[in-house]
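Q: Sequence:
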Amino acid sequence: MTERTYVVTGSASGIGAATASILRDRGATVIGCDLDDADVVADLSTPAGRRSLVDQVAAWGRIDAVLAVAGGSRTGILETNYFGAIATLDGLRPLLTRSAAPRAVAVSSTSSLAPGDERILRACADGDETAATALVEAEPSLRDSAYGIAKRALNGWVRRAAPTPGWAGAGIPLNAVAPGVVDTPAAAWILTDDEVRTAVETAAPQPLGGVPGRPEWVGHLLAWLAGPENRFVTGQVIFADGGTEAALLGDRRWRS
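Here the sequence shown is numbered in the working numbering, starting from 1 and rising by one per residue.
Calculated directly from the structure, the hints in this document are not laboratory data. The structure displayed is predicted, hence computed values, not measured ones. Just so it is clear, CB atoms sit at the ideal spot from N, CA and C, and this is done for glycine as well. Check before you lean on any hint, since a few could be wrong.
To be verified - Simulated DEER-style distance windows between Cβ atoms:
1. Ala203 <-> Leu142: 15 to 21 Å
2. Asp37 <-> Arg252: 20 to 26 Å
3. Asp194 <-> Gly169: 46 to 52 Å
4. Arg51 <-> Arg214: 33 to 39 Å
5. Phe232 <-> Asp25: 35 to 41 Å
6. Pro115 <-> Ala246: 16 to 22 Å
7. Arg160 <-> Thr46: 47 to 53 Å
8. Ala125 <-> Ala48: 21 to 27 Å
9. Gly169 <-> Arg119: 45 to 51 Å
10. Ser256 <-> Gln56: 45 to 51 Å
11. Pro165 <-> Leu208: 36 to 42 Å
12. Arg51 <-> Pro165: 35 to 41 Å
13. Gly27 <-> Pro115: 18 to 24 Å
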């Protein structure tokens, strides 16, 4: 197979940077996208920024895979983590159809395990960004949970979209990876505060190795899902979390 070209959002740091490095080490071309220090500079928290990303990537020509890694838990939470991720994946899907082995992956989070506000989840599913963000802004109590809600909504979108004609019907596996706490700049506020770190370790234990994980541990999984080797996995939300999801949910899904 000819050299592959991967689009990686959030490529300047953390899991995105680790994934981009893994892919480049394998001889792939990587189009890195981020707010700065990237091949494509764009702000995914705004509609204009999302359009700019798609236009800039299109100018590169053929692409083989899109990895929507960009996110954040401080500002523009729903805008970047949900609406920005979907706009990236949907916006670049027409380019993927030209590849012999197209792939798409989104990055979620174990934060998605927490129940989310049904009104916001519904607005996200309906594609109503104005309503979803207005609900968060109107209720300060929701701001702390907005990140988990955005990732939960993203999981739902992947499950709905993956088997459709536009994705599976076009031969494009679409999956999500939900990391646990990983040693990235975005998680620094957790890892550098002993009280917060202890609370997180208690609420979301990572039995296999503890907190935190390494970005490259997630990056290798993302690279496989986005690679030509993945021919049969689609519509999955895979938790790369040191066992958090299993520890919290156990076998309840399989009891009946």
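Q: Decide, hint by hint, whether the structure agrees.
A: To see whether the hints hold, each was checked on the structure:
{"no.": "1", "hint": "Ala203 <-> Leu142: 15 to 21 Å", "in the structure": "holds (18 Å)"}
{"no.": "2", "hint": "Asp37 <-> Arg252: 20 to 26 Å", "in the structure": "violated (43 Å)"}
{"no.": "3", "hint": "Asp194 <-> Gly169: 46 to 52 Å", "in the structure": "holds (50 Å)"}
{"no.": "4", "hint": "Arg51 <-> Arg214: 33 to 39 Å", "in the structure": "holds (34 Å)"}
{"no.": "5", "hint": "Phe232 <-> Asp25: 35 to 41 Å", "in the structure": "violated (25 Å)"}
{"no.": "6", "hint": "Pro115 <-> Ala246: 16 to 22 Å", "in the structure": "holds (18 Å)"}
{"no.": "7", "hint": "Arg160 <-> Thr46: 47 to 53 Å", "in the structure": "violated (24 Å)"}
{"no.": "8", "hint": "Ala125 <-> Ala48: 21 to 27 Å", "in the structure": "holds (24 Å)"}
{"no.": "9", "hint": "Gly169 <-> Arg119: 45 to 51 Å", "in the structure": "violated (32 Å)"}
{"no.": "10", "hint": "Ser256 <-> Gln56: 45 to 51 Å", "in the structure": "holds (49 Å)"}
{"no.": "11", "hint": "Pro165 <-> Leu208: 36 to 42 Å", "in the structure": "holds (38 Å)"}
{"no.": "12", "hint": "Arg51 <-> Pro165: 35 to 41 Å", "in the structure": "violated (24 Å)"}
{"no.": "13", "hint": "Gly27 <-> Pro115: 18 to 24 Å", "in the structure": "violated (43 Å)"}
Violated hints, in rising order: 2, 5, 7, 9, 12 and 13; the structure is consistent with all others.
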